[in-house]
Structure formats: C-alpha cells, structure tokens
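*Asks:* Spelled out from the first residue to the last, the chains are:
Protein chains: 2
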Amino acid sequence: MNIGVFDSGFGGLTVLRALLEKLPGQDYVYLGDTARLPYGAKSQATVARYAVSSAGFLVDQGAEYLVIACNTASALALDEIRAAVPVPVLGVIETGANAAQASTKSGDVLVIATAATVESHAYAAACKQRGMRAYEKACPLLVPLVEEGWIEHPVTEEVLRIYLDELLAESARAGLRPDTLVLGCTHYPLLRAQIERKLPAGIRVIDSADATATQVAGALGVPAPTDDPQSERSFYATDSVEKFRKLGTRFLGQPIEYVQLIDLGG
Amino acid sequence: MNIGVFDSGFGGLTVLRALLEKLPGQDYVYLGDTARLPYGAKSQATVARYAVSSAGFLVDQGAEYLVIACNTASALALDEIRAAVPVPVLGVIETGANAAQASTKSGDVLVIATAATVESHAYAAACKQRGMRAYEKACPLLVPLVEEGWIEHPVTEEVLRIYLDELLAESARAGLRPDTLVLGCTHYPLLRAQIERKLPAGIRVIDSADATATQVAGALGVPAPTDDPQSERSFYATDSVEKFRKLGTRFLGQPIEYVQLIDLGG
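Chains as they are written, first to last, in this note's numbering: chain A, -12 to 253; chain B, -12 to 253.
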C-alpha cells in the first residue's frame, strides 16, 4: 500500500515517524507544502485551495491512502479534500478526537493548537460528536520556538507555563474537569515532555501523531509490523529542499536523504 | 503621485505610516501578500516569484512608484522586481543601509532581521558597497511575538535580551566596534523602545520605515507636507481581510476602514 502523508511543512514528519514505527512495510510519499506554510494563520478558503492541490499531487504520485497530517488542513479542508480525490482520506483531527475519547473518563478534554485550528473549532465539533466537551486554546508561539530549536530552553518553559496556566484557569472557569490534553499541532510532540511536566497529575497527553498511526494500522487491517527493505519513501517539498532535509531530520528522527522540489503553482 | 507599498503582510504598514507622516498628500495603494506570508523562511526563487506577481498587481492598480517595504523581498528579489515593472522601485534594504551610513562614525553596523534576510547577506553587501562592515543576526521569534501582541511582556524582554547579548558578543568577537543597529524587519519598529533600552549607550537604532519615508520624499522632491483630503488610500490582501484590518491597525497606528481581498493565484 502506498500511503501519502501531507502537511504544510515538517510537522507532519512526526506522523510519518509514528507510521514508520507501526507500519514499516508500506510505501510512503510525503509532501510538505513549505512554500506556502504556515497554514495556521490563513483563512479557510486559502487553506482549502492549498490542501486540495497538495492532496491531488500525492494521488498523482501513486498514493492509495491519504493521511492529512496537518491539523489546520484537517480542520478547515477535510471535506474539500475528500471531494477532490478518489482515495480514502484520514485527518489528524478525527484521529486525535478518537484517541481523546478512548482516554477520557470525565468527558472533558483540552486542546492546544494553532490559531486557525482553534478558530475553526474543529476539535470542539469532533469531540461533541463523540459525547465530549473540549476547551481549545491557540498557542501561536510554540511552532516558532520549536523551529528555532529552543526545545529545552527557559523561554519555552516560560511560554508553556503561561499558555498552560491560562488554559487550565480558563477551562476551570468554563466549568470543565479535564483529564486529557490533545496536542493539536504536529510540532507539539517535540515539546511533549515539557508539557507533561507542567500539567497537574491526572491529565493525560494525547499525541495525535501516535493516535493517527494506530488508526491507520487499524483501518488497513495490517498484521504484525515487518520491515520490508523494498518499501519506498519519497519526500517532496514546495520550497528549499536543503532546509527541509535539515529541519525535517529533527522531526522524522532519522536522516532524510533526498527531497524533490515541486511547484504547485503557488 | 500614486505610491505602491508592498509587503508580505502587515509589517510594511509601519513604512506606510512613516510615508503618510512625511508625504500625506500622495495617493497610496498597499498590498499585503498575507496568503503566502511569511516570506522570511522561504527560498530566493519562491520569494522572487511571489514578489514579482505582487509588484505587477500594484502597477496594474496605478502605482507609479513602488516601495518594497518587505526586507526579505528587498533582499532576495529587488533585481527581479525592477526587471518586471516599468516604474521606479525602492527597497528597504538600500534605504536602511543609506541611513546607517549617515549615522555611523565607526563604520561598523549591526543588523537584526529574519532568517532569509540574514542568509541573503543583502545588508552586509549593501553596507560593504557604502564602505561599512555589517554584522547580521537572525531573530526569528520577534515577528511571532509582535503578532501575539506580547510587546511589553517579560517573555519578549527575555528573548530580546538573549538575541541582543548574542549579537553584541558575536560582533565583538568578529572585531567590530558598532555604533548603529538597523532594524532589518518592518515588524521590529513596534519593539524599538525595548530594543533601545537593552543596548549599550552609544549604539543608535535605525528604523528602516522612517529611513525609507525620508528617502522617498527626497527622491520625489516633494516640498513641505500638506494633508490633501482628496488623497486616496487603498488596501489589498491575499488572505483574511478581517485579520488584516484588526492586526494592520496596530501597525499603521490608525484604523483601516476597508481591505479588498485579491487572488494572486498562489
């Protein structure tokens, strides 16, 4: 099976990394729409236009199953992508919401994400559909801090403290008793340890990369993982392939040998 | 005279603000290519493609003089823009370097900017042409901090302290005796007071917005400013006009009544 993984940038490589662990024998084609990132601050119409052209490119490359590893595109454009391509499409919002449902006992869930994902209220809607209440908060400084490489850094600790304190206070005022926090952006798994340290005991962190890989494996009905030396992995980017290789290696957790530059006409 | 002002986003409104103060009687057309921002982390080819289409749009709207109020586009694409449009084009890198030349006695200049502007070494080249030495440093967290609205904020103070301490230490190690610091990104004027407080006495801050307005006034040979009630101001954006109005007002320092959404095909 050829699995296409799409993100606006490098963050989706945390999803590919989880997929490679759970489903090492499949073929993968990854597209980072780096010329037009970040999607997180853009409007629905713009994000949908970018995401549909990107999904079409992956299907043209042979993808038989699409994972939209971009929270913003999953939040704003999943219906448009499904209408535009002839293959099954899974988005990280629904996999995150499914994992939250499996985790929560109180039914109250916290979500941190980019501004556009939060403004779409896609997590709140997906949680409500599953009988949960969600409190969502935009954390726009986390992506640039991760990209600056300030992972174990006092400024990042302070920014996380501010965001998470606000989140806990605001959700308490709204009457929620949360026991689960969803990392609603694929950059955030790199800050998972710091986030877990700052949360009260009894709040469990859901990493949508892990959750997505588990659900793809379930959907494909794939048996025990076997590492197939014949499996192919292709990487495409719409901007600087050098930067993609350098930054991407940090997200994928292994070297990226070759990245092909493509032009989606943006 | 109809003056076109171009930026990837809202930052160029600090340049328009300075122009409105110095040349209130002119007509202005402003384009923020907000669907494709930020340019600061993108490659030369991509930035040039975006900037040329944006400049062409402004000329189509009647601009007879173009101000490229985007440091990244001025650094990476000024030649391409000049080749593509039939009107005079002024970029903020050259105006910043001219102002630094007028300010410096030691001939040694510091520049803070986005990653792409620094990697292009456009400020270093412009300073060298004018007989100065420049030490450039990328400060990628400052734009998101300004856009988060954390202007007077302890995290921003700490980030500035780290960046400026590194800048002073690195430039001293390189043997420079700087007396001038150029704000090489149009977002940075909003942090000017905090930056000035953290610099040693004897380092003067150059705001490229002010410097650009002064040089446009000089180039146009415009006499004493008069406020012409007939002068027209049009605003265009490639993404959410609501966000443009809201955030843009902070940069322009006055309300923006109407913003028109356009599609540059990106």
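Among the hints, erroneous ones may be present.
[What the hints assert, rightly or not] Some chain A residues flagged as far from chain B (calculated, every beta-carbon gap over 10 Å):
#	residue
1	Ala28
2	Val130
3	Glu135
4	Glu145
5	Ser218
[Unchecked claim] Taking lysine to aspartate or glutamate and the EDC-like style, the derived pairs with C-alpha atoms no more than 16 Å apart in a straight line are:
#	chain 1	residue 1	chain 2	residue 2
6	B	Lys124	A	Glu135
7	A	Lys185	A	Glu135
8	B	Lys230	A	Glu244
9	A	Lys124	B	Glu8
10	A	Lys233	A	Asp250
11	A	Lys124	A	Glu135
12	A	Lys233	A	Glu244
[Unchecked claim] Beta-carbon label-pair distances, calculated as ranges:
#	chain 1	residue 1	chain 2	residue 2	range
13	B	Gln241	A	Arg184	24 to 32 Å
14	B	Gly43	A	Glu229	43 to 51 Å
15	B	Glu183	A	Arg69	51 to 59 Å
16	B	Ala71	A	Glu183	32 to 40 Å
17	B	Glu157	A	Leu251	44 to 52 Å
Treat the hints as calculated values from the structure; they're not laboratory data.
Yeah, the Cβ is synthetic: ideal placement off N, Cα and C, and Gly gets one too.
*Asks:* Check each numbered hint against the structure and report the violated ones by number, ascending.
*Replies:* 1, 2, 3, 4, 7, 8, 9, 10, 11, 13, 14, 16 and 17
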